[in-house]
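With the hints as extra help, turn the sequences into a complete structure.
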Amino acid sequence: MAKDQKKQPRPKAETPKGFRDYFGADVTERKHMLDRIAEVYHRHGFDPLETSAVETVEALGKFLPDVDRPNAGVFAWQEEAVPGGGTGDWLALRYDLTAPLARVAAQFRNDLPSPYRRYAMGPVWRNEKPGPGRFRQFYQCDADTVGSASVAADAEVCAMLADALEAVGIARGDYIVRINNRKVLNGVLEAAQVREDQADDVLRTIDKFDKVGRDGVLALLTKGRKDDSGAFIDGVGLDEAQAAPVLAFLTSKGSDNAATLKNLRAAVGEAVIGREGVDELAQIADMLAAMGVGADRAVIDPSIVRGLGYYTGPVFEAELTFEILDEKGRKRQFGSVAGGGRYDGLVERFTGQKVPATGVSIGVDRLLAALRAKGLAGQTEQGPVVVTVMDRDRMADYQAMAAELRAAGIRAEIYLGNPKNFGNQLKYADKRGAPVAIIQGGDEADRGMVQVKDLVLGAKIAAEASHDEWKAQPAQTEVPRAELVAEVKRILG
1 MAKDQKKQPR
11 PKAETPKGFR
21 DYFGADVTER
31 KHMLDRIAEV
41 YHRHGFDPLE
51 TSAVETVEAL
61 GKFLPDVDRP
71 NAGVFAWQEE
81 AVPGGGTGDW
91 LALRYDLTAP
101 LARVAAQFRN
111 DLPSPYRRYA
121 MGPVWRNEKP
131 GPGRFRQFYQ
141 CDADTVGSAS
151 VAADAEVCAM
161 LADALEAVGI
171 ARGDYIVRIN
181 NRKVLNGVLE
191 AAQVREDQAD
201 DVLRTIDKFD
211 KVGRDGVLAL
221 LTKGRKDDSG
231 AFIDGVGLDE
241 AQAAPVLAFL
251 TSKGSDNAAT
261 LKNLRAAVGE
271 AVIGREGVDE
281 LAQIADMLAA
291 MGVGADRAVI
301 DPSIVRGLGY
311 YTGPVFEAEL
321 TFEILDEKGR
331 KRQFGSVAGG
341 GRYDGLVERF
351 TGQKVPATGV
361 SIGVDRLLAA
371 LRAKGLAGQT
381 EQGPVVVTVM
391 DRDRMADYQA
401 MAAELRAAGI
411 RAEIYLGNPK
421 NFGNQLKYAD
431 KRGAPVAIIQ
441 GGDEADRGMV
451 QVKDLVLGAK
461 IAAEASHDEW
471 KAQPAQTEVP
481 RAELVAEVKR
491 ILG
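The opening position of the sequence shown corresponds to residue 1 in our numbering, with each subsequent residue numbered one higher.
Keep in mind the hints are simulated off the structure, nothing from the lab.
Since the structure is predicted, the reported quantities are computational estimates derived from the model, not experimental observations.
Heads up, some of the hints might be wrong.
[Unchecked claim] Below 30 Å or equal to it, Euclidean Cα-Cα: the simulated BS3-like pairs (lysine-lysine) are:
#, residue 1, residue 2
1, Lys262, Lys208
2, Lys226, Lys208
3, Lys427, Lys489
4, Lys129, Lys226
5, Lys7, Lys31
6, Lys253, Lys211
7, Lys374, Lys460
8, Lys328, Lys374
9, Lys211, Lys331
10, Lys129, Lys223
11, Lys460, Lys431
12, Lys253, Lys374
13, Lys328, Lys129
14, Lys223, Lys211
15, Lys328, Lys211
16, Lys328, Lys208
See below:
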């Protein structure tokens with residue numbers, strides 16, 4: 001190396017900010033959970049769909065208002081900047097699974113069945129500021145029906161969501177699917193005589209109901225209020241008579257669906273769109289009951305207001321009702337793990353024609369965290385059987401053992417490190433979570449035998465048994481080489 005050449009600094013071995021790595025148990029637990037969900041979706045007639053991780057920014061519909069560069073919320077680049085060049089299109093990593101679905105539904109509308117029912121699972125990317133528990137890459141799990149205006153499609157998605165939660169291990173009584181309708185809220189806004197320029201402010205205020213309560217919402221709808229810091233927040237400017245239908249809407253949850261629907265009819269008054277929304281909720285309640293989804297699994301609940309600015313009809317949210325301890329040791333409910341609704345305007349961006357659609361998205365990482373909190377994750381991963389190496393020159397014999405185990409459907413591997421220290425091989429097996437270790441030295445090979453060590457039983461005996469008990473119930477047995485697979489199956493069984 002020339003003296004004037006500077007030595008290049010070593011790259012830092014670290015993940016980019018806002019990203020993380022997933023190791024064996026994380027990947028396996030997530031796959032196990034998603035496989036159970038996929039089985040439910042498949043039984044309901046939904047087909048899998050995988051779309052590209054990259055979409056045109058035009059298809060995503062995300063732009064900054066004041067510059068040519070796309071919205072900072074997506075990871076985007078211009079194709080010309082890529083070696084080889086292109087058309088100059090802006091491309092981006094997908095930020096959800098719904099925009100790609102809308103593109104697919106428009107692009108292949110002459111080939112796909114209508115309605116088109118699909119589910120999709122995979123990573124999405126958000127170019128946003130990361131924080132605790134907030135990452136820039138995460139998994140989503142969606143199921144949608146495109147092309148059906150019937151609320152039967154919404155009811156089916158709600159029933160399917162309840163089935164999926166139970167399939168992954170969430171017990172009945174530990175979750176509830178709550179259902180509302182944007183049309184009802186539109187009727188409430190009409191009954192309250194809210195001006196068009198006030199509608200967004202009213203929506204944002206309604207969204208704060210669970211934080212500030214009835215009186216807080218009333219203040220924010222009218223003259224304003226002081227927040228916890230003492231700062232004054234201006235109100236929307238409605239009078240109390242206008243605010244009354246909004247409050248009636250937010251507090252209309254009754255003792256059962258019939259009572260809730262009755263209260264909602266009173267809240268929307270004579271507004272046609274509002275009455276249409278209540279009728280749709282009534283139909284959904286009837287259909288859910290017909291599918292065996294009772295009030296212990298799904299209910300009409302007007303307090304579900306998040307996302308109402310985006311959805312055009314029924315909306316739903318799955319909430320886990322059991323308590324967990326937070327980082328400060330306080331009890332709190334786990335909260336929402338899935339949400340969705342009807343979005344009849346998304347495909348229209350491509351076709352110019354209204355295409356009805358409804359669907360739900362499950363927060364994969366959040367649901368997996370819930371399963372872990374309940375002790376329902378972690379039982380799915382078992383390490384491989386480890387074939388130890390006692391003699392380097394007999395590696396082919398060890399390979400044959402592993403191959404026989406794999407052929408019998410048993411996960412198995414050979415120790416490929418330095419075999420000189422046998423204790424290190426058993427430490428490796430322990431770190432891999434191996435249930436069994438296979439041992440064959442020259443003496444066993446000459447006699448046609450093999451040692452099979454039950455590592456799970458061995459650990460239990462070492463922790464609980466006396467020396468005499470340990471001698472009476474050894475975790476290591478010697479069997480004929482021909483019986484290796486049968487003995488391992490017996491232990492695993």
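Against the structure, the hints:
Restraint check for lysine 262 and lysine 208: satisfied, since their Cα atoms lie roughly 24 Å apart, inside the 30 Å limit. With a C-alpha separation of about 14 Å, the suggested pairing of lysine 226 with lysine 208 holds against the 30 Å cut-off. Proposed proximity of lysine 427 and lysine 489 is supported: the alpha carbons are some 23 Å apart, at most 30 Å. Simply put, lysine 129 and lysine 226 have alpha-carbon atoms about 28 Å apart, close enough for the 30 Å limit, and the pair holds.
About 43 Å separates the Cα atoms of lysine 7 and lysine 31, which puts this hinted pair outside 30 Å; it is violated. Note on lysine 253 and lysine 211: the hinted pairing holds, with a Cα-Cα distance of about 17 Å set against a maximum of 30 Å. This hinted pair checks out: lysine 374 and lysine 460 have alpha carbons roughly 24 Å apart, not beyond 30 Å. Distance restraint check for lysine 328 and lysine 374: the Cα-Cα separation of roughly 18 Å lies within the 30 Å cut-off, and the hinted pair is therefore satisfied.
Distance hint between lysine 211 and lysine 331 is fulfilled; the C-alpha atoms sit about 18 Å from each other, no more than 30 Å. Using a Cα cut-off of 30 Å, the hinted pair lysine 129 and lysine 223 is violated, with the two alpha carbons roughly 33 Å apart. Between lysine 460 and lysine 431, the direct Cα distance comes to roughly 16 Å. Compliance with the 30 Å bound is thereby established for this hinted pair. For the hint pairing lysine 253 with lysine 374, the CA-to-CA distance comes to about 29 Å; that is within 30 Å, so the pair holds.
With a CA separation close to 24 Å, the supplied pair lysine 328 and lysine 129 stays within the 30 Å bound. Taken as a hint, the lysine 223 and lysine 211 pair is honoured in the structure, with Cα atoms around 18 Å apart against an allowance of 30 Å. Between lysine 328 and lysine 211, the direct Cα distance comes to roughly 20 Å. Compliance with the 30 Å bound is thereby established for this hinted pair. At most 30 Å may separate the alpha-carbon atoms for a hinted pair to count; lysine 328 and lysine 208 meet this at roughly 25 Å.
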